[in-house]
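For reference, the chains in residue letters:
Protein chains: 2
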Amino acid sequence: MTERAAPIDFYFDFISPYGYLAAARIGEIGARYGRPVAWRPFLLGVTVLQVMGIKPLMETPLKSDYLVVDRPRMAKLLGVPLAIPDLDGVNGVAASRAFYWLAERDEDAARALARRLLERLWVEGRDITDPAVVADEAAALGVSRETLEAALGDPRVKDLLRSAVDAAVARKVFGSPFFIVDGQPVWGVDRLWMVEHWLRHGSWERTPDTPL
Amino acid sequence: MTERAAPIDFYFDFISPYGYLAAARIGEIGARYGRPVAWRPFLLGVTVLQVMGIKPLMETPLKSDYLVVDRPRMAKLLGVPLAIPDLDGVNGVAASRAFYWLAERDEDAARALARRLLERLWVEGRDITDPAVVADEAAALGVSRETLEAALGDPRVKDLLRSAVDAAVARKVFGSPFFIVDGQPVWGVDRLWMVEHWLRHGSWERTPDTPL
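Keeping their order, the protein sequence lines are chains A and B. Here my numbering is used: position 163 in the first sequence is 202, and no number is missing along the way. Here my numbering is used: position 65 in the second sequence is 104, and no number is missing along the way.
Simulated from the structure, these hints should not be mistaken for laboratory data. Some hints here could point you the wrong way.
Okay, the calculated bits of chain B under chain A, using three or more residues with CB under 8 Å as the criterion [stated by the list, open to error]:
{"#": "1", "region": "86-96"}
{"#": "2", "region": "115-123"}
{"#": "3", "region": "204-213"}
{"#": "4", "region": "232-240"}
Chain A is faced by these chain B residues, among others (derived, beta-carbon under 7 Å) [as the list claims (entries may be wrong)]:
{"#": "5", "residue": "P100"}
{"#": "6", "residue": "W243"}
{"#": "7", "residue": "R245"}
Remember, it's a predicted structure, so these values are computed and weren't measured experimentally. Virtual Cβ for every residue (Gly too), placed ideally from N, Cα, C.
Model the full structure from these sequences, guided by the hints.
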């Protein structure tokens, strides 16, 4: 592409398995249609569920049972490895702060860091809450541990994440993954086909390749 | 098919637009793979949301805005007409009771009645709450108004619906539409492709036709 094509905005929470699964696939889909992907980690549990006034999925009867069945099969359908770690006490605050701090310098590096952290949690099943863990992964990419750990405690960096979460809510993002492409909101990894439908056809009219 | 193939259980609430959209398509998908479809109307709002402890979708901030955008485009993608009636005070109690009562006598007639009621609500945008409206549609199929109206007040028929809702909850059905095929639960009209994937391949392994 010589022209700069409009990006696909990709919202995800590090602690969402469906967000991880989408992260493994969205770049390839975007690339097929010449679209960059703007990664936008946010905090589903801390803020968005409060705005919505609802409980986390895994605390919702019936739906939680469904998710237990659904996560591994969705990983199979996507051809992506998936561990199911215990998420008790796990959050993506440090991971998300590190992402936005690094993205100010180098978006590719920020995405690489996010991928490493997602794989640490969702492939290796290891907790990523601790800033030291985030620093480990950043260090493997050549980012100084000391600089990153200082950044994670910097009020300005905390504000970066807070603003990103507020911006997500302002754009009515309420789930992970959530895509916005050309102003069209699409929620759920199970709707990646809709992202692709829009990229290919630029409309929601039924076509011979609509998979429903 | 000479052998009796296992049915696709198809759960829906009459007042769910996605349930209506699925009803317009699931028979054709089942037929393509030689599977009958067992229609199982239930009451999402009255019972299931109580078990789950959650609010109706249209009262959930952010998600309600999404649904306003999503319903018409999903109808387009499915190639199915969709009106968006005011649902205030509308329920599918009489429609569901009539369905189960008629299904005891004639399953095809019960499905035809359900289709008429769904179209009355979701194509013509007219309320179907009143038992007299249900009787109108039944009469058009040759069912005696008097017999149907008597059945709708019969405690045994009320129990038929109550048992159906309890059975749905016991099978962990929590949304509309909801499919169970060979024990596999699939929630959402946007996942009709998964129902078809299962019918075609009998597994959740990724295949060249997986649309994600």
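How the hints compare with the structure:
1. 86-96: It holds, with 6 qualifying residues against the three required.
2. 115-123: holds (count 4)
3. 204-213: holds (count 4)
4. 232-240: holds (count 4)
5. P100: At 5 Å from the nearest chain A Cβ, B:P100 passes the 7 Å test, so the hint holds.
6. W243: At 4 Å from the nearest chain A Cβ, B:W243 passes the 7 Å test, so the hint holds.
7. R245: Hint on B:R245: holds, closest Cβ of chain A at ~4 Å, below 7 Å.
Every hint from the earlier list agrees with this structure, and none is contradicted.
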